[in-house]
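Please model the complete structure; the sequences and the hints are all you need to start from.
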Amino acid sequence: MDRAELIARLTPIITTYAQDKDAVASINENTDFIKDLKINSANLVDVILDVEEEFDIEIDNLSMERMLTVNAAIEIIEDKLRTK
Amino acid sequence: MNKEEILAHLPYSKPFLFVDELLHIDENGSSGTFTFDKDLDFYKGHFKDHPVTPGVILTETMAQIGLVCLGIYLTGSAEGGVPGHVMLTSTAIDFMKPVFPGEKVKVIAEKVYFRFKKLNCTVQMINEQHEVVCKGTIAGMVTNKMNG
Numbered sequence: 001m002d003r004a005e006l007i008a009r010l011t012p013i014i015t016t017y018a019q020d021k022d023a024v025a026s027i028n029e030n031t032d033f034i035k036d037l038k039i040n041s042a043n044l045v046d047v048i049l050d051v052e053e054e055f056d057i058e059i060d061n062l063s064m065e066r067m068l069t070v071n072a073a074i075e076i077i078e079d080k081l082r083t084k
Numbered sequence: 085m086n087k088e089e090i091l092a093h094l095p096y097s098k099p100f101l102f103v104d105e106l107l108h109i110d111e112n113g114s115s116g117t118f119t120f121d122k123d124l125d126f127y128k129g130h131f132k133d134h135p136v137t138p139g140v141i142l143t144e145t146m147a148q149i150g151l152v153c154l155g156i157y158l159t160g161s162a163e164g165g166v167p168g169h170v171m172l173t174s175t176a177i178d179f180m181k182p183v184f185p186g187e188k189v190k191v192i193a194e195k196v197y198f199r200f201k202k203l204n205c206t207v208q209m210i211n212e213q214h215e216v217v218c219k220g221t222i223a224g225m226v227t228n229k230m231n232g
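Protein chains in written order, with our numbering: chain A, 1 to 84; chain B, 85 to 232.
Hints in this document: simulated from the structure, not taken from any laboratory.
Please note that a few of the clues may not be correct.
[Unchecked claim] Capping the alpha-carbon separation at 25 Å, the derived lysine-lysine pairs in DSS-like fashion look like this:
1) K122(B) <-> K219(B)
2) K35(A) <-> K201(B)
3) K21(A) <-> K38(A)
4) K188(B) <-> K219(B)
5) K80(A) <-> K201(B)
6) K38(A) <-> K201(B)
7) K229(B) <-> K38(A)
[What the hints assert, rightly or not] Listing some non-contacts, in silico: residues in chain B with all C-beta distances to chain A over 12 Å:
8) E88
9) E89
10) E105
11) T117
12) P138
13) V140
14) D178
15) E194
[As the list claims (entries may be wrong)] A few chain A positions that, by computed beta-carbon distances, are all more than 12 Å from chain B:
16) L10
17) E29
18) E75
19) K84
Note that the coordinates shown come from a computational prediction; the quantities given were computed from them, not determined experimentally.
Just so it is clear, CB atoms sit at the ideal spot from N, CA and C, and this is done for glycine as well.
What follows is the structure in structure tokens.
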């Protein structure tokens, strides 16, 4: 799975919880979930639970804590898919 | 943690304590009761000459018995755990019946998930006629700090 495909599968999940819809339109690898998309900490958990379901992976506490940008999310998903 | 210890950890007092008794608590859910004293202050204005318990107060009652008691139990009962504070983050409640001054209600909460400090519960409130008064989903973050 390449990065473009990963972002394409990630975007609908993020869109559900993003408060700033304009920022969703220009989503890219540097997009910050909290600063740019205004996702609160509770909905960040929902993003992560949805990512687990979408990619059939399990995300641990340490990974969760650094999953704050699209780029970090992609790295973590790629890592978990590799070791699945 | 036992039921008395959980009640002692609740950060509320009158007139904003909406838990009288915890009937049951375990890792999957909680249940408890509250009686709405007819002299509670909000009845004077909700509504003028027609006192009915406000939906936000029913929601708060379900949150205190369900989400907050369960959050305190889950964090306080974990190995080496400290009872946490629960910060409400979302509610989705449907209301079916009014609750009048003096009524006693029972709240039953079931854990949907508790992951990454977020506790999500389904809750329902039942009146003394065993009718469902309101039900829905309540979620919050369980943290170590009072204000998140």
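Now for the hints, and whether the structure bears them out:
1. K122(B) <-> K219(B): Since the Cα atoms of K122(B) and K219(B) sit roughly 23 Å apart, the hinted pair holds (cutoff 25 Å).
2. K35(A) <-> K201(B): The hint holds at about 21 Å.
3. K21(A) <-> K38(A): holds (9 Å)
4. K188(B) <-> K219(B): Holds, at roughly 16 Å.
5. K80(A) <-> K201(B): It holds: about 21 Å lies between the C-alpha atoms, which stays within 25 Å.
6. K38(A) <-> K201(B): holds (19 Å)
7. K229(B) <-> K38(A): Between K229(B) and K38(A) the Cα gap is close to 22 Å, so the pair holds against 25 Å.
8. E88: holds (30 Å)
9. E89: With a cut-off of 12 Å, E89(B) remains clear of chain A, as the shortest Cβ separation is near 26 Å.
10. E105: At about 29 Å from chain A, E105(B) clears the 12 Å cut-off, so the statement holds.
11. T117: Given that every Cβ of chain A is farther than 12 Å from that of T117(B), nearest at about 28 Å, it holds.
12. P138: P138(B) is indeed farther than 12 Å from all Cβ atoms of chain A, at 24 Å.
13. V140: Answer for V140(B): holds, closest chain A Cβ roughly 19 Å.
14. D178: The claim stands: D178(B) keeps its Cβ more than 12 Å from every Cβ of chain A (closest is about 21 Å).
15. E194: Fine: 17 Å to the nearest Cβ keeps E194(B) off the interface.
16. L10: holds (18 Å)
17. E29: holds (23 Å)
18. E75: Non-interface label stands for E75(A): nearest chain B Cβ at 18 Å, farther than 12 Å.
19. K84: holds (19 Å)
Of the numbered hints given earlier, the model fails none.
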